[in-house]
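**Student:** The lines below spell out each chain.
2 protein chains.
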Amino acid sequence: MTLKARIEAAIAHSVSVGRGRGAPPKLADALEYATIPGGARIRPMILLSVAMACGDNKPEITNAALAALELIHCASLVHDDMPCFDDADMRRCKPSVHRAFSEPMALLTGDSLIVLAFEVLARVAHHDLKRVAHLILILSQRTGMPGGICAGQAWESEDVVDLGAYHRAKTGALFIAATQLGAVAAGQEPEPWEELGARIGEAFQVADDLRDALYDVETLGKPAGQDDLHGRPNAVAELGVQGAIARLQAILSGAIASIPSCPGEAVLAQMVRKQAERLTPVAPSVNTARPL
Amino acid sequence: MTLKARIEAAIAHSVSVGRGRGAPPKLADALEYATIPGGARIRPMILLSVAMACGDNKPEITNAALAALELIHCASLVHDDMPCFDDADMRRCKPSVHRAFSEPMALLTGDSLIVLAFEVLARVAHHDLKRVAHLILILSQRTGMPGGICAGQAWESEDVVDLGAYHRAKTGALFIAATQLGAVAAGQEPEPWEELGARIGEAFQVADDLRDALYDVETLGKPAGQDDLHGRPNAVAELGVQGAIARLQAILSGAIASIPSCPGEAVLAQMVRKQAERLTPVAPSVNTARPL
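These protein sequence lines map, in sequence, to chains Y and Z.
Here the numbering used here runs 64 ahead of the position in the first sequence, where the first position is 1.
Here the numbering used here runs 64 ahead of the position in the second sequence, where the first position is 1.
Extracted from the complex, chain Y is given alone in its bound form (with noise of 0.2 angstroms):
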């Protein structure tokens, strides 16, 4: 099985517990419709490479908690395009949650898929109470506040914007739950995992802001522009696209650098460089420069 199956089944078996006996149909549909098909599930990639680098002795416990992490970023998709936020009509080229069935809809899903992220890992403690419990503490600190995706969010609604704190929670956040529950779930101390998954983190936010600089609509499944839109920072707008891009390259060398020493270092290294190839878009006058 390859890991992007992996992958899947995990997160498609996850949804499923979600769906049961006596659910109300709408919100069912819902919860399958805001998680498949998913986007390039970078998140639980990073964690499934993480966990096998350092071993993946309890893989229940490993498919467990790549699911719950894109549970997570699922709802979060769901909620940030909701009217009150980015008022995304598509996402993942297709009519975001609340445009397919309503705006009650997407704010229930949204919830519902959060409880459900600490249900899935619940549901896999009896193969190792002290790694799951430690999971769950995890993924509750990188989702919620004062350190998570929702203080990262929040800080867009704050006068004075502290805006280290703002990057590291809105999209350092889940990086470091990726790379931290990865090494978790295979029984390592997550502490030497943060700065890997901060560092990539931190390369998506520059990747993604190249993106949105260059590519329209169509090739994004969503609304581009939109930083620019919302007067959020921008590395592009800093540094221009060539600058960007140069910006990525460093990061992603750190990143590698960062990696702990485990028994799948080499191919960990591996991963990251795939991603990077991957982040680095491809604009017309920089299509030359090899990533990494």
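Hints are computed from structural coordinates only; laboratory data are not their basis.
The structure presented is a predicted model; accordingly, all values stated were derived computationally and were not measured.
Check before you lean on any hint, since a few could be wrong.
The list makes no distinction among identical chains, and a pair is therefore deemed to hold if it is satisfied within one copy or across any two copies.
What the hints assert, rightly or not - Here are the simulated EDC-like pairs of lysine to aspartate or glutamate, each with C-alpha atoms no more than 20 angstroms apart in a straight line:
id, residue 1, residue 2
1, Lys-90, Glu-222
2, Lys-68, Glu-341
3, Lys-90, Glu-220
4, Lys-90, Asp-226
Take the given structure of chain Y and dock chain Z to it, following the hints.
**Tutor:** Here is chain Z on its own, set in the frame of chain Y:
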């Protein structure tokens, strides 16, 4: 320390976790605004009463469980009050969260409170990993899909409503959570405690219908007549005021009869009687009826 003081201290402590270092200040304020001061704290009171009836031999876990349950309840109020649902201007005699802060803040406050509930539990896992994993599983199942309050709320958007599933999930779920979490926090199995929670939930729904029918907005601290407005099922509409009061008393007698054998059985029955008195409205035509 009275039970009420213990409950308030546990909730205040849990909210302070969400406030933490580096939090966006408005969202931190909104979390506190949504949770303190609270309403009757009836769900944590039931949880604590059951835990004490079962010996309450891990009070740190009981405190986390009752705070987590109340955070979920508060989150549901914040989201249910939003414009896409009840569009309620007032809650607990003050402006609802989206009125006092903003709609984006209300959405994030609900999300953050849901996440915080699981974090608060995960933080006490070291006191007893097995109990806490079980608490997280129960709380998630009674909150999300397919049988929790998210599912309950979603039934209101379905074309064909399963009334039994609707009531069990919408109001019943967090009362069943209350009795089961109380039992598990004290090291007991949850199953024997389901009926008590279900019956209290049913009683609460009837009492809510009665209050909604009899009282005005000033007494309730929230808009009255919402059920009628939204065409939801209602005990007063079905049975009339006197019939609904008789029904309430019958349900509560059944609740007391269902209490499993435990050291604090008598005290627990007394608590349910007290809640019954509190719940039964004193309407001009019925103020001589003594409940139970």
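**Student:** For this structure, which hints from the list above don't hold up?
**Tutor:** As far as the earlier hints go, not one is violated by this structure.
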